[in-house]
Amino acid sequence: MNFALTEEQQMVQDMARNFAEKEIAPYVEEDEENHYYRREILTKMGELGLLGWSIPEEYGGNGMGWMEGVIALYEIAKVHTSWRLSISGNCWGPAMTINEYGTPEQKEKYIPGLVSGEYVGSFAITEANSGSDVASMKMTAEDKGDHFVLNGSKMWISGGHTSDVGLVYAVTNPGAGAKGISCFIVDYNNTPGIERIPIHTKFGMWPAPTSELVFENAIIPKENLLGPLNGGFKICMWMLNNTRMGCATGAAALSAACLEGAVQYANERTQFGQPIGKFQMIQQQIAEMKLEDEAAKYLVYKAAWLKDNKLPSQQATSMAKLYACNAAVHAANLAMKIYGSYGYSTEYPCARWLRDAKQFETLEGTSNIHTMIVAGIELGYQPDR
Amino acid sequence: MNIVVVIKQTFDTEAKIVLKDGQIDPSGVSLVINPYDEFAIEEALRIQKKFGGEVTVVSCGGPRSQEAIRTALAMGCDKGVQIDETALESVDEYVRAEVLAKAISEMPYDIILGGRIAVDDRSSQVAVRLAEALNIPSVSSVVKLDIENNIATATREIDGGTEIIEVPLPAMITAQKGLNEPRYPTMPGIMKARKKELKVINPADLGVSDLSAKMKVQNYSLPTPRQGGKKIEGEPAEAARELARLLREEAKVL
Ligand SMILES: Cc1cc2nc3c(=O)[nH]c(=O)nc-3n(C[C@H](O)[C@H](O)[C@H](O)COP(=O)(O)OP(=O)(O)OC[C@H]3O[C@@H](n4cnc5c(N)ncnc54)[C@H](O)[C@@H]3O)c2cc1C
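Sequences listed follow chains A and B, in order.
Each residue of the first sequence is one higher than the last, beginning at 1 in my numbering.
Each residue of the second sequence is one higher than the last, beginning at 1 in my numbering.
So that you can see chain B by itself, here it is in the shape it has in the complex:
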């Protein structure tokens, strides 16, 4: 079984986000594999253990995304592909999905795995767009996955419960927390990662007809810092009245 995992390098979830000239400043921030993508990597390695085949990890990103790919290789993936985003003028989910689709369509694949969401822009779009571009079915937010006779049985989270979906392979599956517990890269794994193939692709060479982003970010802003609490003094009845007034007039929630 040939397995492709699409991963994204994101900020460490504990990183402090700083805006510089209206853009997110990545300097000095430690970068990690998007946590949901780690579930996808783990699942890929488990599928491989059961069915054999090769696991190729593909990431669309800047030069530092190679670190994320190497970590995936250290965890046990066989080959890495970086689609070098620096060559692109602007990127959005459309562009990423298109270049990923083109690159993946040239490799053998029976299943594609990815994270349910990237913790940075939280768009949850690339994986489903990718499936669409490749014209394969996709199942999102999967917490359990079984494969038999080229059919994937995926349990996914829905509001208030779960849903079980069967799809023929090849299919795109996105991982939700709970799917598995991702392994750590072992020390020998880290040593082996260096010797594994990591191919860098220039997106311009992929022959995607339209590489212009369809979406433009107007503005980034940080959440307003939390204000201190307010204590309402006075008699209970009076204080309750004051609270109701504040909720209506200031907080505007009533």
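Next up, chain A with everything else stripped away, as it sits in the complex:
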């Protein structure tokens, strides 16, 4: 047991913190206000190797694993939560899944661009009428011999209208439920028949694009089927067990940002002749935030450690995601209270924190779903994977 970071991990943390402070922090408020996705940040992340975790070096991987990845994502998300999506959307989602299930040709063709930041990646599971119940999806992929034809629509897809390459899950054997879903690699720039509609009504995460994708007779070449035909549900669950780390880490980082802000404010703001931090009730709030923040971070580290060691990590991932989300929402709520009226003003980051925190309760498995996973594994109803 050792709680210290290795020398490399320390360097990764320093570098990512430095990067986030110099390359992301100056634009946070401007991009929030304009709902603007600053594409070049992803390019820079790619160039610096921040999108290449647990990917073989021959495809552009950075030679590091999960632990280093969460350490880096944490620093980035702490500065601006929207940017947590970059690592999931490119690396832990499509690149890692293609690396696990893809043919050598697929790996060579798609992974380097996802890892270098040349492409914006994405993954599309959710539909208007299919959320938590993934197997109920309706989008179809019809086998036409040398190609598939995709019809239907996906909803709430992160990166959607900006994406170059993404994974799309669709039904290839109607009526077979989870056993009738397949996974496809979609090249959005070269596939006619896909309309991409930005969603502008989000409560938060404003600089992170989200979209509806409408497929109308979109032709996907045979060689873009990822993994076995009708084997998509398993791939999807495998992928979610990785991409969820983006939520878990991002949420833990957000709770840390709230705590740091609240501590600074409590030390500076004076009422009744003393800093408000001296009031026992503020101390109670700070203590709660600190405790949950610390616990969230170590649950994330534990899940990353299990993954690096190729041990079952589904329960640990769900625990990290669930707990960190709760911590983030609680911390954002408390931060807003501690900042008083300024907390309610957009001059301070509290409102953004609260908006961004709320996403975590829904994305990548709602809190209910993760509660079910944790309990189901604990009770022996399902194996830990």
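Facing chain A, from chain B, some residues (calculated, C-beta under 10 Å):
hint : residue
1    : SER30
2    : VAL32
3    : ARG183
4    : THR186
5    : MET187
6    : ILE190
7    : LYS192
8    : ARG194
Pairwise CB distance ranges, derived in the manner of DEER restraints:
hint : chain 1 : residue 1 : chain 2 : residue 2 : range
9    : A       : HIS35     : B       : GLU233    : 42 to 52 Å
10   : A       : GLN264    : B       : VAL29     : 13 to 23 Å
11   : B       : THR13     : A       : THR43     : 27 to 37 Å
12   : A       : HIS200    : B       : VAL119    : 40 to 50 Å
The hints are simulated quantities; they were obtained by calculation from the structure and are not laboratory data.
Values in this document were obtained by computation on a predicted structure and should not be read as measured data.
C-beta: ideal position from N, C-alpha, C; glycine also.
With chain A's structure known, arrange chain B with the ligand on it following the hints.
Chain B with the ligand only, in chain A's frame:
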């Protein structure tokens, strides 16, 4: 072209300085490469890209200075040398310059780069003393550097303007903000850094004849905390008179 960069590990510029028993307490403070030295590292890597050769980064410091050297290696420098200061009884700019000069004189170098100033003690002495000890020219506070035919053309900041100086190599150049924008270490760079050579030198083995510090720090003190402002009430003419009195008698600036 063989390039040597001398770097110092300093406190993070945002660190809160605490005195303990009259000494600066480094525990719990994050340490970084002196920001001006980062410009020197960046310039070295750019020179190397143009002319080839090797970049060796040398630091005189305690055990934690290896972190700074590793970061420089992660940025792309080829080799690191730490002159382990813990073996020395006392250090000052003289001692550091002497041991650096001795260590560097044993390696091939065409140019030596460093920061214009270290943000901790702000003495701006080591680099110029080093050049003196090696008997090479030095140019300080450089904001632009061109090298051609073994001549360095350095633009340096002077009061109210700039000055361009040509020096033959080998020369010592110190970097000023504006020289370049230092790169971040890349992730693959960090992985490679571990495998790069980092040599630790005991200063006693360098054969410097006199290793005793020439300067002794008498006392460290923190700046007095800022006092709250003072509001002068009353009629404007009267208030102005009172202000003038305070400036003369209390602030003693008039
Ligand atoms: C900003 C944003 C970005 C997103 N990005 C992506 C993306 O990139 N790709 C993608 O595929 N999807 C994405 N999503 C979709 C997201 O993953 C889904 O919203 C999520 O899976 C929940 O589905 P749903 O919204 O349809 O809720 P529903 O499944 O309809 O759930 C509604 C409520 O019912 C509860 N519930 C459902 N089933 C159960 C049950 N069995 N037991 C107890 N309670 C239950 C839920 O917990 C929730 O409270 C994104 C969503 C948002 C908001």
